[in-house]
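Asker: Sequence:
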Amino acid sequence: MFVGLLGLLWCLVWARRVSDFPATDPHITTEELTLLQRDAISHTHYIVPWAEMLKSLPVWAVMIAHFCQNWGFYTMLTHLPRVLKELANYELEKAGFVAGLPYLMMGCTLVWGGQLADYLRKERNIDTLTVRRRFCVAGFAGQGLFLALASVTSSPPFLVAYLSISIGLGGICWAGFSVNHLDLAPQFAGHLMGISNTLATLPGMICPLIVGYVVTTGSALEWNIIFYSTVAVYAFGAAFFWKFASGDLQPWAGEQVPFIGELH
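Under mature numbering (1 follows the signal peptide of the UniProt record, and there is no 0), residues -15 to -1, 1 to 249 are what the sequence shown spells out, in order.
There's no promise every hint is true.
Okay, the calculated beta carbon distance ranges per label pair [as the list claims (entries may be wrong)]:
#1 111 to 186: 40 to 48 Å
#2 220 to 76: 30 to 38 Å
#3 176 to 233: 46 to 54 Å
#4 237 to 115: 31 to 39 Å
#5 -5 to 37: 34 to 42 Å
If you're looking for bench data, these hints aren't it; they were derived computationally from the structure.
These figures come from a predicted structure and were not determined experimentally.
From the three backbone atoms N, C-alpha and C, an ideal C-beta is built for every residue, glycine too.
Using the sequences and the hints, build the whole thing.
Answerer: Dropping the structure here:
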């Protein structure tokens, strides 16, 4: 109830503060409005090249990376309290609190990872593809490494630490693939994200079924099957993205233009 009331309060504030267009925003400065109008795209309606999108290997590199990242994310999101209870003997009430820590860490790495990626591109002049590849692969590798370490430890504190770091490093991975839509086709980034995110929600339905089928007694051996299969998925996602990703505007995407929305 409390969270619901906060949501309603946020909606009221949002409705009062947000404008449909920059020109109707009472808080925008003349300098900001001039800058937006100067760089605004025309009102051209682009024909979405669906066929070319779905035949593009760089697009599939993003979608596969997104799918593989969410495979581990949803597996842990839905089962981490149970993992901590069965492997570390945490009570569910305590496990629920501890299980929230990895996602706090992930929120931090998401922000820091994005800032670091931009710094490397702008200040260090590292090309876009190299930055995208390194962040995505480093995120997958780090998650896989600490998940593998979690499978061999018998210490509850180390188990919590390894799982927390594994999940938290997911933010680094997102700094690699999630913004790659804008590199490939900025004017179609919304369409690409919609396709990618749709595919990436499938693990949320598949993973609980697999865990339910494999983990019947809650033994370490059963959970290790889940851990190592997730590591394998991470490895596949990293390899596919490294091989087929691109940092360049795609031929089917047309002219590269800044996208800020329609201005009146």
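Asker: Confirm or reject each hint.
Answerer: Okay, the hints, checked on the actual structure:
no.	hint	verdict
1	111 to 186: 40 to 48 Å	32 Å, violated
2	220 to 76: 30 to 38 Å	34 Å, holds
3	176 to 233: 46 to 54 Å	18 Å, violated
4	237 to 115: 31 to 39 Å	23 Å, violated
5	-5 to 37: 34 to 42 Å	39 Å, holds
Checked against the numbered hints above, the structure violates hints 1, 3, 4; every other hint is satisfied.
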